[in-house]
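Chains as they are written, first to last, in the working numbering: chain A, 53 to 370; chain B, 7 to 214; chain C, 301 to 942.
Calculated from the structure, these hints are not laboratory results.
Note that beta-carbon positions come from the ideal geometry of N, C-alpha and C, so glycine has one too.
A few of these clues could be false.
Output of the computed footprint for chain B on chain C, the stretches with three or more beta carbons under 8 Å from beta carbons of chain B [to be verified]:
hint, region
1, 369–383
2, 469–479
3, 492–499
4, 826–836
Each chain is listed here by its residues.
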Amino acid sequence: MAESVITPALHSALAPAGAHAQHIDSMWQLMLWVCSAMYLLVILFLIAALIRRRRGEGSDGTRGLSRTLAAWTALIAIGLFTLTVASYLTDRALVHAAPEPQVSVLVTAHQWWWNIEYVSGDPSERIRTANELHVPVNAQVHIELASHDVIHSFWLPNLNGKRDLIPGRTSEISLQPQATGVYRGFCAEFCGAQHAKMNFELIVDSPQDFESWREHQLSMGVAPADELARQGQRLFMSTACSLCHAIAGTDAAATTGPDLTHVGSRRMIASGTLPNTDANMRAWIENPQRIKPGSQMPVVSLSPENLDALVAYLRVLQ
Amino acid sequence: MSPTGSGELQPQFMGDLATLPPHAHGNRSLTWWGMMGMIAIEGTAFVLAVATYFYLANQSPDWPPDALLPELLPGILFTALLLVSVIPNVWLQRVAEAEKPQPVRIALVVMSLFGAALVVIRYFEFPALLVTWDRSAYGSILVTLLGLHTVHLVTDLIDTLVLTVLMMTGHGKGRRFVDVAENAIYWNFVVITWIPIYLVVYFAARWL
Amino acid sequence: MTLDTVNRPRDGEWLDEVATRARLDATWGDAPGLWGALTTVDHKRVAHRYLITAFAFFVAGGLVALLMRVQLSHADEHVVGPDLYNQLFTMHGSTMMFLFAVPVMEAVAIYLVPLMVGTRGIAFPRLTAFSYWIYVAGGILLWVAFALNIGPDAGWFAYTPLSGPQYSAGKRVDMWAQMITYTELSGLAVAISIIGTILKQRAPGMSLNRMPLFVWSMLVMSLMILFAMPAVMLASTFLLMDRLVGTHFYNAAEGGDALLWQHLFWFFGHPEVYIIFIPALGIVSSVVSTFARRSIFAYPLMVLALIGIGFLAFGLWVHHMFATGLPRLGNSFYTAASMVIAVPSGVQIFCWIATLWAGRPRFSTPLLFVIGFVIVFVLGGLTGVMLASVPLDLQLHDTYFVVAHFHYVLIGGAVFPLFAGLYFWFPKLTGRMLSERLGHWNFWVLFIGFNLTFFPMHYLGLAGMPRRIYTYAEGLGWDTLNSIATVGAFLIALSVLMALINMIVSARNGPVAGANPWGAPTLEWATPSPPPSYNFAHIPLVSGDNPMWEHRERLQVLRGLRLDKRELVLTSALDATADVRDPSARPSIWPLLAAIAVSGLFLGSIFTPWAVVIGAVPATIALIAWFWPKDPPAENEEDDEI
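All chains, please: the whole structure from these sequences, using the hints.
As structure tokens, this is what we get:
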């Protein structure tokens with residue numbers, strides 16, 4: 053599945069695809085118009101001041117200038133007041149935009165990946181995944197944000213503004229996506245060596261697709277069918293992999309690194325760094341430090357056959 | 007035509023500065039303004055340190071966290087002696103501004119003794135805090151508040167000692183009196199800043 | 301009272317000008333050679349070295365930025381890796397903010413304020429000399445650390461806990477935090493000197509309402525420094541303590557708070573940018589007034605605007621923290637405050653343009669740069685208004701939009717005015733004019749290069765590009781604009797090179813400048829170019845706010861100051877009535893020795909807290925020696941010396 057061309061993800065604040073981003077976009081439009089108008093006035097005044105014809109030494113015009121200054125100051129004050137009120141109203145709209153969350157997620161930022169857990173009343177319905185969020189379109193989504201180590205920031209430009217994740221505190225953000233599609237998210241607070249490659253994806257599904265994804269996520273990791281994949285599983289459990297990564301339904305239960313139960317079906321790997329193809333997966337496992345120097349995943353020396361086996365096993369984990 | 011041919015204007019003499027005095031006290035002296043600048047800087051640092059205390063206290067559900075509250079005795083002794091020292095200090099400022107050498111010398115010795123005694127008591131205040139700076143954020147800010155004030159105490163003591171020596175060794179003329187008076191004003195600052203810091207260090211956690 | 305003019309010679313009409321100046325030069329001049337250079341307290345010489353050092357750091361910080369731009373010009377570049385890149389952007393920001401922007405403004409103040417207020421020297425001259433050595437020590441520390449691969453890599457703002465002991469091992473962040481201590485100490489010292497000079501050493505008659513706007517701006521800057529810099533010194537000291545001795549200021553696990561750092565840092569950081577910007581406004585006023593050939597329109601409003609900006613700047617800092625989840629109502633207050641500061645800025649822009657409107661502009665290079673300032677800075681100010689809105693900021697924060705914003709306000713608001721000031725005052729400093737032709741080229745290359753570099757970044761930020769990333773993936777659509785920005789960056793570098801060439805060539809071969817080549821109104825233009833060690837042969841008497849325009853034939857002056865010892869006049873703070881004759885400190889080696897002692901203390905304390913205690917001994921000795929009176933006291937009151 054992963055070999056096919058990946059649909060490019062959207063990632064711009066200028067293309068709002070959620071309720072919150074729409075409100076912010078209106079604020080942006082207002083700002084752009086008002087500020088451009090003010091700027092134009094300043095430039096026109098400057099040009100006029102420089103090129104106007106002056107009649108003799110005495111011509112001064114300062115009385116007119118005093119009145120113009122008063123008008124100018126009033127204009128600035130009115131303009132800023134308007135923008136302040138509009139900003140406040142937009143803020144209120146954001147607060148009220150998603151009052152009844154239908155999907156609750158807990159996102160914990162790590163250096164340099166995103167731990168994602170779907171929260172529900174029933175503990176057996178716990179979903180743990182990494183770097184790829186799924187939500188149904190038009191749903192109100194509530195995300196609680198925490199950090200495992202340093203300050204990070206959760207940002208989906210098409211959906212909402214960003215929110216920092218600060219160790220020792222929890223914060224929260226709401227989303228209400230209005231169009232299906234794939235959206236790229238960024239870490240937007242410098243968090244160390246691999247801040248640049250701490251990206252994630254939000255996949256907005258139709259309600260049915262979301263439900264089937266959710267059901268599937270609740271299942272255990274698929275058991276390997278062919279010998280190569282079985283060899284991969286044995287390697288996984290016996291080498292360094294299981295020290296950090298968990299696969300539901302196996303003995304691997306560590307939570308230091310991303311959960312890999314369904315890694316085979318994700319669009320990207322290494323926290324939004326590479327498309328999830330076999331070749332990329334192989335390259336990543338072989339030498340993570342070449343792709344994300346400084347990341348927490350160590351280089352484990354493996355023979356080419358063992359690498360193939362591991363890749364085959366991880367591909368099974370759809 | 008300019009005096010040196012460089013395009014400067016010719017001077018036109020309008021008045022005489024020679025009759026002005028060669029030094030003056032209070033805000034007529036540059037030293038006063040420099041000292042006010044120092045007070046602004048250090049005052050700001052103190053305000054921010056106290057603000058840090060309350061900020062951290064506010065964040066914490068449990069303040070101080072498992073620590074004992076400071077013992078009160080050394081702090082009381084220090085504060086009492088510090089307040090008493092204001093009396094000779096005010097006298098010192100007055101005689102310095104009146105430029106009377108012998109009273110100034112006596113007052114400086116008295117202030118040096120007060121300062122030294124206070125530094126000794128201050129030495130015993132640190133263990134009386136009953137917390138070390140690496141124990142918790144509470145310990146960190148408490149020790150820092152006391153430490154910041156101690157730096158001012160010690161530097162003013164050194165300044166006082168130097169001025170005492172200067173006045174005793176024949177340098178007691180003119181501008182030196184200005185320096186002595188300014189140092190006395192600075193001592194008032196050391197006293198005034200102690201009051202809020204004292205209350206915060208010893209009592210804020212009890213009252214919050 | 302008769303004056304003994306033989307044993308205590310004073311200036312006056314009885315002595316001829318040439319003899320007067322010779323005596324003054326003997327009194328106020330320095331020893332020749334290296335000793336003179338190390339002991340000088342001549343504010344002009346100290347300012348010279350500040351200017352050269354700050355410019356060198358500007359170039360160094362700029363070269364680092366060029367490397368960053370090359371790395372970012374295409375997706376997935378491998379010019380530099382993440383570790384080096386993170387050091388580069390940290391060095392770029394830290395160098396520009398701490399080692400260039402504030403020091404250069406202080407340098408301009410150190411040089412010009414005494415001249416502009418009509419006095420012979422700066423207040424607390426040894427303190428000024430000391431501050432230079434501390435500044436350069438801090439800068440060298442940072443760059444040597446970088447060269448030795450222990451340069452800081454946590455950003456110029458070093459947020460905790462990333463910069464704390466757990467996530468930044470080694471001494472990298474300590475180098476940065478201690479550099480702060482050096483540079484802030486230096487800045488605070490200079491601020492005290494500037495305030496003393498402005499409030500007590502103005503020429504008689506220069507009441508506050510006759511003080512040039514440049515001097516007002518330096519006063520506001522210096523006062524702001526007193527209240528802002530302690531915040532970052534405290535913050536960085538807490539950080540050093542967390543890292544070195546195990547305190548927990550920023551450690552949430554033991555009751556500390558990561559956001560405490562941000563509050564303390566930005567309480568300093570926001571005023572800091574106005575500390576950089578306000579002096580530039582002073583430069584703009586000087587240039588506009590001279591080249592419009594008219595006083596600045598609405599002087600009282602301009603003064604109020606400066607003071608207003610100075611105060612308001614302290615009430616905005618939370619706008620750097622809108623994404624941290626602070627209570628919404630509090631955030632809204634900071635939106636309003638951040639918007640309000642646009643009002644005095646807007647008034648000032650109007651007044652400068654109005655001055656040009658009412659005057660008769662001459663399009664010399666300084667005025668070109670001021671025009672560039674208006675065009676660039678106002679755009680940056682308006683994107684600042686955008687960022688003031690909390691909801692909009694939550695999209696734009698920590699993206700390239702912000703990078704665009706602050707470069708527009710900092711380069712537009714500080715660098716363009718600095719270039720204007722360079723072309724304006726270079727003749728005064730060196731006695732030679734810079735080439736106007738090269739100056740015009742300089743301006744256009746900078747203007748075009750700057751806009752090419754930073755305008756596209758507005759779009760990049762909106763299109764999702766976060767800050768402080770060492771690379772970005774293919775297919776995000778950011779490549780073209782990034783490449784354009786890189787080209788622009790090289791144009792900026794070219795313009796700086798042009799300025800450097802202009803300076804070097806013109807210093808030797810430029811047209812000779814007289815005292816007042818531009819026909820400017822303020823007192824620094826009453827002195828020869830370059831001014832002698834004593835600045836003014838006689839203290840000026842001021843009777844208006846444009847002294848050089850009011851008296852075009854003769855300069856009104858006062859007689860009576862001693863020629864055989866360093867003496868200047870103190871005046872009252874508001875009305876500048878002559879009050880006291882004050883001695884000015886003679887050259888001394890103690891500022892340098894004290895700076896070495898203090899530097900040693902700071903350097904040692906990166907490695908062990910005991911350095912503070914041990915280092916305090918030589919530092920105290922040096923300071924006592926510095927203040928110890930030099931001459932044996934004489935009987936006669938009038939001879940009393942420091």
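Evaluation of the provided hints:
{"no.": "1", "hint": "369–383", "in the structure": "violated (count 0)"}
{"no.": "2", "hint": "469–479", "in the structure": "violated (count 0)"}
{"no.": "3", "hint": "492–499", "in the structure": "holds (count 4)"}
{"no.": "4", "hint": "826–836", "in the structure": "holds (count 4)"}
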